[in-house]
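Listed below, chain by chain, are the residues.
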Amino acid sequence: MSSENFKIQIRKGLLEFCVLQIISSKEVYASEIIEELKNSKIIVVEGTVYPLLSRLKKSNYIQHSWKESTQGPPRKYYSITESGLGHLKELIISWTDINSSVKKLFKTKK
Amino acid sequence: MKKTFTISLGHSIFNVEEDAYEILKRYLDSIKNYFQKMENDSEIIRDFELRIAENFSSKMTSNKKFVDLNDVKDVIKIMGSLDDFKEIYQGDLKSEEKKEKKNINNKLYRDSSNRIIAGACSGIAEYFKIDPIIVRILFVITVPLNLIVYIILWIGIPTKDFDPNLRKKLYRDKENGIFGGVAQGLSNYLKIDVTLIRVFFVISLFFGGAGLLFYVLLWIFTKEAKTIGEKMNMSGFNVNLSNIEEFIKKKQTI
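From first to last, the protein sequence lines are chains A and B.
Residue numbers are given in the working numbering: position 98 of the first sequence equals residue 95, and the series is strictly consecutive.
So the working numbering is basically just the index in the second sequence, starting at one, shifted up by 1.
A portion of the hints provided could be inaccurate.
Quick list of the computed label-pair ranges, beta carbon to beta carbon [what the hints assert, rightly or not]:
id	chain 1	residue 1	chain 2	residue 2	range
1	B	I118	A	S76	20 to 28 Å
2	A	S80	B	K78	19 to 27 Å
3	A	K23	B	F67	47 to 55 Å
4	A	K55	B	M61	52 to 60 Å
5	A	N96	B	E247	57 to 65 Å
6	A	L88	B	D69	57 to 65 Å
7	B	S63	A	E65	48 to 56 Å
Mimicking EDC-like on lysine to aspartate or glutamate, the simulated pairs with C-alpha atoms at most 20 Å apart in a straight line are [as the list claims (entries may be wrong)]:
id	chain 1	residue 1	chain 2	residue 2
8	A	K38	B	E247
9	A	K55	B	E44
10	A	K64	B	E55
Since the hints were derived computationally from the structure, they do not count as laboratory data.
Here the structure is a predicted model, which is why all the values come from computation and not from measurement.
All C-beta atoms in this analysis are idealised placements derived from N, C-alpha and C, irrespective of residue type, glycine included.
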C-alpha cells in the first residue's frame, strides 16, 4: 500500500464528514463546498463531491433549494436536516474517538 | 476558420469549437452513463453541468467568446475523469461491477438496442465485441443456410439492451485508404496492420471472390468517417486527460 493510496482512502473516508460539517454551519451552494474542500485539500477533483451530495440527500441528511443569484443562473443551496445533524454528531463522536486513540498510540510508541 | 456549435449548458449558452464540442460531449456522456448506473440519479449530471458552465463562464472575456479544446481539457482536469470517480467506489462496488462484466461476457443476447430484424447479428457482434455490420454481412453472404440459423437464434435467445456508447464503430477511412478505405477502416477497428488485411482481401480473390463480395458489401454499408466524432469512434475513444492531450498533439502536427 503506497502512501498515495493511504491518502486516497483517508480522504474518501473523511469526505462525507467534512461535507456535512461545511453544510451544517450555514446554507451553502455547491461551488462554495467545493472551494472549501479544495482549500483544505480534502478533494483533488471536483466531480467526486456530486455523487456524495446525491447520497446524502437520498439518506435525508441534507436538502436543497434554488435561489436566484445576482450573477448568472439560479444556484442550488444546500442545508442540513434534523437527521443530518444527528448523523453529524455521531460522526463527530466517532472521529474524536478514533483521533484520540491514534494519538495515544503514537504517544506510547515514543 | 473553425466551425462552432452553440450549446446550452447549465442554464447558460456557449459557443464551442467543433473538436472541443466532440470531446465535451463524450465526456458528459461517459459521466452520465456512469452515474446513472452507479447512483441512478440524473441530478448529479445536472449539477455537474452547472459547475462546468460556471467554469466556462469564468474563462469567457470580451476578447474570447468561444470555448476551445484547452478550456475543455482544463474543465475535465478540474472535474475529474471516469478513472477518478471509480476511485470513490473502490471496494464497495467492485464485486458488483465484476458480476455485471461476467454476465455480459458469458451470455449471448439478442441486442434490442441495435437491431434490424431481431437483433441476432448485433447480439453476436456484442458477444465478440465486433461491429454488427461485419456479422450481418457474413450472414448475408452465406444465406440461405444462415437464415435457418438466424431464426433459431431469434427464437432461442433473449434480448437485452446494450449500452451503445461503449461500442466501437466501423467506418471507412478514406483519407488513408486506397479504394474506399474499407481495409484501412477495418485496420483501425481491429487494430491490425492494414497491409495484412489488404493481402487477405487480394488472396481471397483467387478463392471464389468471397473477399471481393465482402469488400463491396462493407463499402456499401459502412459510412465514411467524416466528422471528428466519427474519426474518434473509429478506433474507440475513452475520455481521459492523457487521451485528450494526445488528441491535441495529433491535431497540432497535422
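Restraint check for K64(A) with E55(B), where alpha carbons must lie at most 20 Å apart
Satisfied, since the Cα-Cα distance of roughly 16 Å is no more than 20 Å.
Take a look at whether the Cβ-Cβ distance between K55(A) and M61(B) falls inside 52 to 60 Å.
violated (35 Å)
Confirm or reject the claim that K23(A) and F67(B) have a C-beta distance inside 47 to 55 Å.
violated (37 Å)
Within 57 to 65 Å or not, the Cβ separation of L88(A) and D69(B)?
violated (43 Å)
If you draw a straight line from the CA of K38(A) to the CA of E247(B), is it 20 Å or shorter?
Distance of about 29 Å is beyond 20 Å: violated.
Look at the Cβ atoms of N96(A) and E247(B) and judge whether their distance stays inside 57 to 65 Å.
violated (44 Å)
Given a hint of 19 to 27 Å, does the C-beta separation of S80(A) and K78(B) actually sit inside it?
The hinted range 19 to 27 Å is violated for S80(A) and K78(B), with Cβ atoms some 36 Å apart.
Are K55(A) and E44(B) close enough, with their CA atoms no more than 20 Å apart?
OK: K55(A) and E44(B) at ~12 Å, within 20 Å.
Tell me if the beta carbons of S63(B) and E65(A) are separated by a distance inside 48 to 56 Å.
violated (25 Å)
Confirm or reject the claim that I118(B) and S76(A) have a C-beta distance inside 20 to 28 Å.
violated (54 Å)
The earlier numbered hints that this structure contradicts are 1, 2, 3, 4, 5, 6, 7, 8.
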